[in-house]
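Model the full assembly from the supplied sequences, consistent with the hints where possible.
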Amino acid sequence: MAKRVISFKLNGVDRDELVLDNMTMVDFLRKQMHLTGTKRGCEEGECGACTILLDGKAVTSCTMLAVEADGHEIVTIEGVRKDGVLHPIQKEFIDKWALQCGFCTPGMIMSAISLLNENPNPTEHEIRDGIAGNLCRCTGYVKIVEAIASAAKIMAKEVAK
Amino acid sequence: MAQTRNEYWSEIRSVYKDPKDYVLAGRGNAYVRIDAEAKVTGTAVYTDDVYLPETWYCKLVHSPYAHALIKSIDFTEAEKVPGVKGFLTGADFPEGHNLGNPEAFKELADKEPLCRRKVRMVGDEVAAVCATTEEAAEEAARLVKVEYEPLPVLLDPFDAMALDAEPIHYPADQPGTANNLSIFTVMKAGDPDKAFEEAYYTDKSYYKTQEMVHAAIEPHGAIAKYENGEYTIWSTTQGAYVSRYWVAWGLGVPESQVRLIKPMVGGGFGGKLDVFAHELCPCKFAERTGHPVKCILKRDEVFKCTRTRHPISFQIESAFSKDGKLLAKRCRHILDGGAYGGSGIAANTLSLICATFPYKVENIDMIARRPYTNHPASGAMRGYSACQVHFAHEIHMDEVANHLGIDPLELRHKNEITPYYTGPTGLEFTSCRFKECMDACAEAIDWKNRWRYPKGSGQAIGMSGSGFMSGTGFPVLVTPHYCSSTTIVRLNREGYAVVYTGANDIGQGCDTVMAMIVAEELGLNMDEVKVVQSDTTTTPWDAGSFGSRVTFLGGNACHHAVGDAKLKLLKHWAEEWGCKPTDIKMADHRVFLPGDAEKNISYNEACYGYEEKNFGRCVAGVGAYNHEGDKDVYVKNVGNYATAYSFSASAAKVTVDMETGAVTLDDFIFGHDCGRPLNIRAVEGQIEGSVLLGFGFTCYEECVYDKDGRHLNPSFRDYRFPTALDMPNITTKVCSEYDEEGPLGAKEAGEGSTAPVGSAIGNAINYATGLVIKELPITPERLWKALREHERTGKTEFGGEDLPEKFANMPPLPKRYNV
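Protein chains in written order, with the working numbering: chain Z, 1 to 161; chain G, 162 to 980.
What the hints contain is simulated information worked out from the structure, not anything from laboratory work.
Be careful, since some hints might not be right.
Example chain G residues on the side facing chain Z (calculated, C-beta under 10 Å, incomplete) [what the hints assert, rightly or not]:
no., residue
1, Y177
2, K200
3, P328
4, Y331
5, P380
6, N389
7, G429
8, R842
9, E845
10, G850
11, V852
12, F856
13, L873
14, A885
DSS-like mimics (lysine-lysine), calculated; alpha carbons at most 27 Å apart, straight line [as the list claims (entries may be wrong)]:
no., chain 1, residue 1, chain 2, residue 2
15, G, K894, Z, K3
16, Z, K3, G, K746
17, Z, K31, G, K246
18, G, K241, Z, K31
19, Z, K3, G, K306
Just so you know, even glycine gets a beta-carbon here, dropped at the ideal spot from N, CA and C.
See below:
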């Protein structure tokens, strides 16, 4: 299988990486970059555990090829905490017990970030819609929805400041 | 019933904190999880995240046939794939070292690590491939040529029980003597025949539940290495020690040479209890190649080759007095066991135990049979047997109430279990707030005005109740080891404590609970308690996460361990200070005699002083806890199954689209008697997750097979469970009292709570439609068909139509287990 060099930004850092043409983004992140926060749950775009941000929008990294990142910006769960400070969504997930086994959590948080990027003041239904592509088997989603709603309020206050 | 074991046990209890002084980690009972930050930042390490240099990959070769003989296996083509390093077949494992659960009878260990001569389900593992990359291993596995001779396929459990059926495990001595039962259970008490004769009301009803899967988002997998003659495996297990036993047995090596580490586990729900080929094959390859070897299942493999929930067919006969007293029950439960036993064996007895409560019934005549079929093996699943049983029995309860003209809630109240009741087969109930659970749900859902939604209007509310064992002492995968929980706690003079817990945190949060229990007793902060996760080399024995035993047994073991350490420390200072150990308190990082300013030292000083007097020996405590039950419970079927019992009630409000059959769950109330909640957010989280599983069970999920036993929907695309858009708001009502025996007063929360969900939703759907649906899942398609047929013919009962004839024509129980 052919390889090529791609240039892209990963968690804020410019990178040039040699990748296999047929390698999925999730495998590239996990096996080549050792960023294992992005999870493999179904590898067909159904469970959302591998969700990352591509130019600020949530995508499932198992249904994109690594080469597609060429010229784009990728953020994974490892890039969400900035300078040692947790993102408000991460903080609210901790405080509200919005996780149990934690396997869907990275993908869930990436979807939540994408949602709040586009819609900083979502209704409950819009939050549920925003994470409808992320399956969680543990929580019944109740506390996840609560955490995202609470984070949205906190982020709105920060913006107002 | 667990008793006060000995004097030392009482002495330990004497230094426990007074429950009224509990601070529960200083944040009321909403302290945060100790693993939360790792999980929200992506640094938490799960099995697939364990990366060792030079790791090679293993892939399994699965049978495409549900029942066949293996004629030959040919690796010629597979060998040509670049990067392939080796192959395994059944012959690479010691013959006769089968995996499973010889709980009552030794033939129940029935699963070969890799099949040698016969496959019994689609997905059965026949060979394994090792290669330098995952992709090469996958390609090579596809190229392994296996020649099969197909055998007749048995998918219906009733067909499988026929005397002329194709034998699945046990060869028939002569034609017409097939025995495909993996296990059966008979449970009798009182005089049911007399009770039925004398009863005002009797009935006979049929119900059926489907096959579903656990669907933990983390797929099963393992990574193994072999060094210094020892295998080390990181595995997605719910019980490190029990898995270790079976891995060692399957490999034919002593347990001392296998170390099993449970990293973070991405959900289990019972599906990660059994031991699998994907754990054994990497071990063998690691030994042969000297490389670490990883095997992570793909989602379709998880669907096809791991475990499922038992589909159960029910025949229920009940006898009631005119005023609604439950006099007797006659039940026949047929559990589709699938191809193997494993953790699924316990389902049979449990299905009967579950049918004896949460209502008092003195006269019972119950038989459960678990035939083998060529479906994937059924196993343990959250709310083990209880979900299916309480669906059938609680839908039935409403039917009886409506026949008798008694309000369903009142009928339940007339028969509810009360505190300290002993059941007909010896279940010893202790704390019980079942009544309060039902009343809390009824009030929150406004049950008394339930006819504001007239029957058949497309909207309705439904209720149900259930109970569950809290802290079973019985193994679901038996080993020669005692089925207890053990913990070691070490107090460090540098100002912290370490807890070495055998309890297996698979996401439910038990590591956090253990840290809290230790922090509570020692007066430390949560971040001053370090938890060493389950690992057979560093943590003591624990039987695993199942049977709602973790908080109750593991929590008590941990409480006992910290109590042992605390007692040693306080005895030392009592001597120094001339007082009794019970006079000394530990709080806010201080050890002190209340009211005496002189006798008030830091935790660090206290530990240091002890070590100084004891030649440097640190303060350490060992704790263990078990349920003192009869180990022959699965043979005798009489006795007390658990240390305590939790109780639950549910109320659901649904809207049914009478045009399309689509069900919307508008509101859900859950009343739970879980003893003292140790963390209210954890309890709510468990309940909210239970509602998701219960809703999926009732309205969404079903594994579908073709006539040859091929799984038709092994993906999240085709096997749908509720998303965030499907789930309602959920209100939790904790209706508990402090349980005397529970750790800090707690009972189980999270497993039994799945049991009443399905029947509350089912009852609501029945009132909303005016029909009685007796078979799961209640999908829009099924409901639409039922509604249309009702319009055409007036038929009101749907589901299980094939069962009366099948139950009437069952063969007798096999002679060798004659009852």
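Broken hints, numbered, in rising order?
-> 1, 3, 4, 6, 13, 15, 16, 19
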